[in-house]
Amino acid sequence: MAQLPRTRLLVITGKGGVGKSTVAAAVAEALARTGKRVLLCEVNSGGRATALLGFPAAGPELRRLEGELWSVDVRPAEAMREYVLKRIRVERVYRALFENPLVRAFLRFIPSLAETVMLGKVLWHVRDTEAGRPRWDVVVTDAPATGHALTFLGVPQVLLKTLPPGTMAEEATWMRDLLVDQDVTKAVVVALPEELPILESLELGAGLRALHLDVSAVVLNQATEPRFLPEDLTALAPFPRLESLAQAHADTARRTEEAVHRLGALGAPVVKLPRLYQGTMDRASVEALGQRLLNGFAGWT
Amino acid sequence: MTPLVEALRTRGVVVCVGPGGVGKTTLAAALALQGAALGRKSLVCTIDPARRLASALGLSELGNVARPIPASELRAAGIHLKAPVEAMMLDMKQSWDELIARSASPEQRERILANRFYQSLSSALAGSQEYIALEKLWELHSAGAQDLLVLDTPPTAQALDFLDAPARVMDFFGSDTAKWLLTPALRGTKVGLRLFGLGGNLISRALSRVVGGQTLSDLATFLLAMSGMNEGFRERAQAVRALLASEETVVVLVTGPAAERREEAVRFHQSLREQGLHIAAVVVNQVHADVDVEDVSAAGRLPEPLRGKLERTLSEAHALAVADAENLQRLRAAVAPTPLLSVPRFPGDVHDLSALWRAGAYLVPDTSPGEDRPPAARAEGA
Chain A
1 MAQLPRTRLL
11 VITGKGGVGK
21 STVAAAVAEA
31 LARTGKRVLL
41 CEVNSGGRAT
51 ALLGFPAAGP
61 ELRRLEGELW
71 SVDVRPAEAM
81 REYVLKRIRV
91 ERVYRALFEN
101 PLVRAFLRFI
111 PSLAETVMLG
121 KVLWHVRDTE
131 AGRPRWDVVV
141 TDAPATGHAL
151 TFLGVPQVLL
161 KTLPPGTMAE
171 EATWMRDLLV
181 DQDVTKAVVV
191 ALPEELPILE
201 SLELGAGLRA
211 LHLDVSAVVL
221 NQATEPRFLP
231 EDLTALAPFP
241 RLESLAQAHA
251 DTARRTEEAV
261 HRLGALGAPV
271 VKLPRLYQGT
281 MDRASVEALG
291 QRLLNGFAGW
301 T
Chain L
1001 MTPLVEALRT
1011 RGVVVCVGPG
1021 GVGKTTLAAA
1031 LALQGAALGR
1041 KSLVCTIDPA
1051 RRLASALGLS
1061 ELGNVARPIP
1071 ASELRAAGIH
1081 LKAPVEAMML
1091 DMKQSWDELI
1101 ARSASPEQRE
1111 RILANRFYQS
1121 LSSALAGSQE
1131 YIALEKLWEL
1141 HSAGAQDLLV
1151 LDTPPTAQAL
1161 DFLDAPARVM
1171 DFFGSDTAKW
1181 LLTPALRGTK
1191 VGLRLFGLGG
1201 NLISRALSRV
1211 VGGQTLSDLA
1221 TFLLAMSGMN
1231 EGFRERAQAV
1241 RALLASEETV
1251 VVLVTGPAAE
1261 RREEAVRFHQ
1271 SLREQGLHIA
1281 AVVVNQVHAD
1291 VDVEDVSAAG
1301 RLPEPLRGKL
1311 ERTLSEAHAL
1321 AVADAENLQR
1331 LRAAVAPTPL
1341 LSVPRFPGDV
1351 HDLSALWRAG
1361 AYLVPDTSPG
1371 EDRPPAARAE
1381 GA
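Order-wise, the sequence lines are chains A and L. For the first sequence, position 19 matches number 19 in our numbering, and the numbering has no gaps at all. To convert, take the position in the second sequence, counting from 1, and add 1000; that gives our numbering.
What the hints contain is simulated information worked out from the structure, not anything from laboratory work. None of the values given here were measured: they were computed from a predicted structure. Please note that a few of the clues may not be correct.
What the hints assert, rightly or not - Estimated spans, in silico, between C-beta atoms of each pair: (1) A:280 / L:1293: 20 to 28 Å; (2) A:64 / L:1273: 33 to 41 Å; (3) L:1290 / A:261: 31 to 39 Å; (4) A:295 / L:1078: 47 to 55 Å; (5) L:1308 / A:82: 52 to 60 Å.
Cβ atoms here follow ideal geometry from the backbone N, Cα and C, with glycine treated the same way.
Please model the entire structure based on the sequences and the hints provided.
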C-alpha cells in the first residue's frame, strides 16, 4: 500500500455535489500521513477542500497545512499573472498592461485562456523541482465538475487542434503530454449510488477516454451495505411501517450494488465509501475515509 | 397566501437560481405544473435537464421550441390541470445565432458566425450562458404566448455570476472596453487594435508573446465585426435587466439541506436582495424526514436480530433528520423574512411527472378542492 510513487498527479472529478472535495481532501491527507510531500490543489473552488480538513480555506498562495501537506487554490487572476510573468519577466510591463481593466476584459474574451493558465499552473506544480528532485511527490487536484472538467482537461488538445503554431500551442503540447501519461496522471471519478450521478459518471468516463485520460479508480460515495435479509422483510409483514423502512434500506443497499455493477463499465476498480450519518464531517471521519481510499488505490498511489 | 403562490397566480416570471446538484431543474418543472394547476398557461424553460426528466417532460431534443407536456402523460400520472403546460430546452448555440441574426446586418452576420471567437463564445465569455438564458426569457416574455414562465438557470456558485450577466455582456459589447479597443480600427487604420498603438512595440510584442500574434488578429477581426451591434446589444441587455427587477418577476432560491450548502445559500440570498430582486422563497430540497416515535417503540418490541437492525436504521434516519433540521433552522433565521419552504427527500429518483407533482405540492401548500395533494405540505416563515 502507498509505496513507490510513480503517480504524480491525481485528478479527482465527478458530478457536482457528489463529494469530490471530500475525496480530494481525504486522499491528500492520507498520502501526507504516509510521509509524502503532498500538494492539495483546488481549482477556483474558494478553498473548500482545505476547509474540510479543519484548516482555513486555501488561498491563491501555497500554504503549508501541517507536516508535508500543503494546499493552494488556483484562481484565474493569479494564475494569469504567473503565466504572463514567466513570459515577459517585467513586472512593470505586466502591471501596465494586464492590470488595466480594459485589457483584462479583453483577455477574458480569448477562448480557453483562463482554463489554459489555471491548468498550466496545476501542471506546473507537478513539474516543479527543488534541489534536483520533484518538489511534490503527489499533486492531488480537486478538479471541476463533469462538463467543466472535460473542458478544463481538454483545453490542451482543443488548443492544439485550433491554434496556429506559437506560444499557446507550445504550452498546450507539454500540458497534453503530461496529462495523457498514464504513469504520471491518474483520473478518479467520484459517484453516488443514484441514477443521475451514475449516468453522468459513465458519460464523464467516456469523455475522459476521448481525451486519452483513462479512469484509474471510481469512488462510490455514500454507499449502503445490505442489512435486511429477505426473511427479515417477511418477518416484518405484520408491521407495515417498519417493513417499509426496512424495504427502503434494502432498496438503498440494492442501488449501491447496482451502482457498483454499472460503474464497472468504466473499467476501473470501484472503491466504496460508507455513508456517514452526521451533519458535518469532522477530521476523524475524513481520516477514516482517506485510509479506505488509499487501501482502494493500492498499487499506484 | 404565500409569496410563491401569489407569484404563481399573478406574476409572469419565476426564475429558479442556485448551485448545481440540488434539484433546481426538477423544482422548476414542478412549479410550472403548479402554475398550470392554478389555471395559468405555463412554460418551463430548462438549460440542461437530465435525460429522464427531459423525457418525462416530453422533450426529446434541444431546439428552443416550446412543446406541450403530453396530455396523455399527465393523465397517466393522475394530474389534472386547469391550463396547458409546456416545456422547452434551451440550446445555447442556437440562441446566440438567433440573437446575432436579429441584431447584425447580413454581411456582418456571415463574418461573425464564421469567426472562431464567436464559435467559442458561450464558454469564453464569462456569463454568456447566463446572459443568453435571460435573453431568451425576455424574448418569451415579450412574445406573451404563456401566462407564466418558469426559468431554470445554469448552476452558479455565486448569485452575482447570474445577475451580472447582462451587465457584463453589455459592458463588453456596448461600452468603453470595445470602443477603446476598437477606435483606431473603426477609423480605418491598418492595425485592428489600439493595443498595438499603445505604448509602441514593447506592449504589442508582450501581448503576442502571451497569446500569439495570430490569436490577437483573429480577435481584432471578431471585435470589429461585432462592433456595429453595440447598440442592439445594449438595448436588449437593458431590457433584460429591467424585466428581472420588475414586479413581473420573482426569484426562487433552491438549495440542499447539507451544512456545507448553508453559507453559500445565505450569501446567494444576500446578493439577490442587494440587487433589489423579489425573492419569493428559499426552497430547501431533499430534506430528510424524521422517524416516528411509534416506530421506535414498535422496533424495540421485536426479537433480535431484527430489533438491532431496525434500531440502527431508525437512529441513522434520525441523525440525518436532526442534522437537516438544525441547518434548516439556521438558514431560516439567516434569510428571514423570506419564507423558507422545505421539500422532503423522496425515496428513489424524482424524474417522472407524478413525482414532480408530489414535490410541487410542498411548494404550493394551498389545497384546491378535489385535487389529490399530500396533507403534510407545509410552508414556513410566511
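Checked hints:
no. : hint                       : verdict
1   : A:280 / L:1293: 20 to 28 Å : holds (26 Å)
2   : A:64 / L:1273: 33 to 41 Å  : holds (39 Å)
3   : L:1290 / A:261: 31 to 39 Å : holds (33 Å)
4   : A:295 / L:1078: 47 to 55 Å : holds (49 Å)
5   : L:1308 / A:82: 52 to 60 Å  : holds (57 Å)
Checked against the numbered hints given earlier, the structure satisfies every one of them.
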